[in-house]
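Colleague: Quick note, the sequences are listed as chains B and E, same order. Using our numbering, read the first sequence as starting at 1 and increasing by one per residue. Using our numbering, read the second sequence as starting at 108 and increasing by one per residue.
Among the clues, some could well be false.
[As the list claims (entries may be wrong)] Quick list of in silico lysine-lysine cross-link-like pairs, PhoX-like style, CA-CA up to 25 angstroms:
| # | chain 1 | residue 1 | chain 2 | residue 2 |
| --- | --- | --- | --- | --- |
| 1 | B | K102 | E | K114 |
| 2 | B | K102 | B | K6 |
| 3 | B | K51 | B | K64 |
| 4 | B | K80 | E | K158 |
| 5 | E | K114 | B | K80 |
| 6 | E | K209 | E | K175 |
| 7 | B | K88 | E | K114 |
| 8 | B | K80 | E | K246 |
No lab work stands behind these hints: they were computed from the structure.
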Amino acid sequence: MQTLTKNTIGGKEIMLNGEGFLVHAEDWDKQLAIGIAVAEGIADLTDDHWKVINFCRQTAQNSKSPTLRQITTGTGISTKTMFALFPKGPAKKVARIAGLGKPEGCV
Amino acid sequence: MEESTRKIAFVCSKGDLDMAYPALVMGWAALGNGIDVTMFFTFWGMDMIRKTRQDHLQIAPVGNTSMKLSMMGIKTDNAGIPNLLGVLPGMTAVATKLMKDKMHSIGVPPVSEYLSMLVDGGAHLYACKMSVDMMGLKKEDFVEGVIDIVTAGDFMDMTEGAQIIFI
Numbered sequence: 001m002q003t004l005t006k007n008t009i010g011g012k013e014i015m016l017n018g019e020g021f022l023v024h025a026e027d028w029d030k031q032l033a034i035g036i037a038v039a040e041g042i043a044d045l046t047d048d049h050w051k052v053i054n055f056c057r058q059t060a061q062n063s064k065s066p067t068l069r070q071i072t073t074g075t076g077i078s079t080k081t082m083f084a085l086f087p088k089g090p091a092k093k094v095a096r097i098a099g100l101g102k103p104e105g106c107v
Numbered sequence: 108m109e110e111s112t113r114k115i116a117f118v119c120s121k122g123d124l125d126m127a128y129p130a131l132v133m134g135w136a137a138l139g140n141g142i143d144v145t146m147f148f149t150f151w152g153m154d155m156i157r158k159t160r161q162d163h164l165q166i167a168p169v170g171n172t173s174m175k176l177s178m179m180g181i182k183t184d185n186a187g188i189p190n191l192l193g194v195l196p197g198m199t200a201v202a203t204k205l206m207k208d209k210m211h212s213i214g215v216p217p218v219s220e221y222l223s224m225l226v227d228g229g230a231h232l233y234a235c236k237m238s239v240d241m242m243g244l245k246k247e248d249f250v251e252g253v254i255d256i257v258t259a260g261d262f263m264d265m266t267e268g269a270q271i272i273f274i
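The shape of chain B in the complex, shown without the other chains (with noise of 0.2 angstroms):
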């Protein structure tokens, strides 16, 4: 069983899961995706940051986000690119900004 969190972010209640990610999807908008990128190291969301973001949110299969590989194919953004996007876990960053689940997949 996982531990569930209430945090605030940009003044808003949410519930995160143990491993960060929104548990209620409801609860995401672009304000929220703003002060969620912050928590998580990135300061500003420039337009490559949202192309990535809103490509997940398009093909996310039961809330869950897409793989790393699957958004650089999707996207034609290269790893490189996302690595410094999204930096130290590019996937997982992107769907806890997204408001997604955790992508499954190993590559």
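Got chain B sorted already, so can you dock chain E onto it with the hints?
Modeller: The following block gives chain E in isolation, referenced to the frame of chain B:
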């Protein structure tokens, strides 16, 4: 406040197709978790980073007790591939093609592409000096992303505090 980064190092010593993937899969997963990854290629493992070899790795059915006839589409449950059959010319190529097709069908990239993904993700790749000397190789024989040819001692220095996985 920055947490100290977890470090993992893989020693890749095998050049068989099936033994190339564990480090690639785990290394990729580690990068995806924000873990620092170092890969040290030694002996036959250097085939994974040799330009002329990395996309020609093979898997041999001879002496491979895990490889079953059923994997070749012949419904025979646990019956293995007889070694006598495995020695026939072309059997290694057949087994290799079979494995590559299976990997492709589940979306796993070939070794060269997988490795370049790891390099792009920030993995540090090194070749083993003794193996390089033994096989008469040069840095130019290796793919882009291989940082240097280093000794076992260098490897120990650079992996201080890391978890080391030998494959």
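Colleague: Now tell me if each hint is right for this structure.
Modeller: Here is how each hint holds up against the structure:
1. For the given pair, B:K102 sits about 22 angstroms from E:K114 by alpha-carbon distance, which is consistent with the 25 angstroms threshold.
2. Distance restraint check for B:K102 and B:K6: the Cα-Cα separation of roughly 18 angstroms lies within the 25 angstroms cut-off, and the hinted pair is therefore satisfied.
3. The hinted pair formed by B:K51 and B:K64 meets the criterion: a straight-line CA distance of about 17 angstroms does not exceed 25 angstroms.
4. Between B:K80 and E:K158 the CA atoms are separated by roughly 21 angstroms; this keeps the pair inside 25 angstroms, and the hint holds.
5. Annotation: proposed proximity of E:K114 to B:K80 holds, straight-line Cα distance about 20 angstroms (limit 25 angstroms).
6. For the hint pairing E:K209 with E:K175, the CA-to-CA distance comes to about 15 angstroms; that is within 25 angstroms, so the pair holds.
7. Distance check on the hinted pair: B:K88 and E:K114 sit about 12 angstroms apart at the alpha-carbon level, within 25 angstroms; holds.
8. Simply put, B:K80 and E:K246 have alpha-carbon atoms about 23 angstroms apart, close enough for the 25 angstroms limit, and the pair holds.
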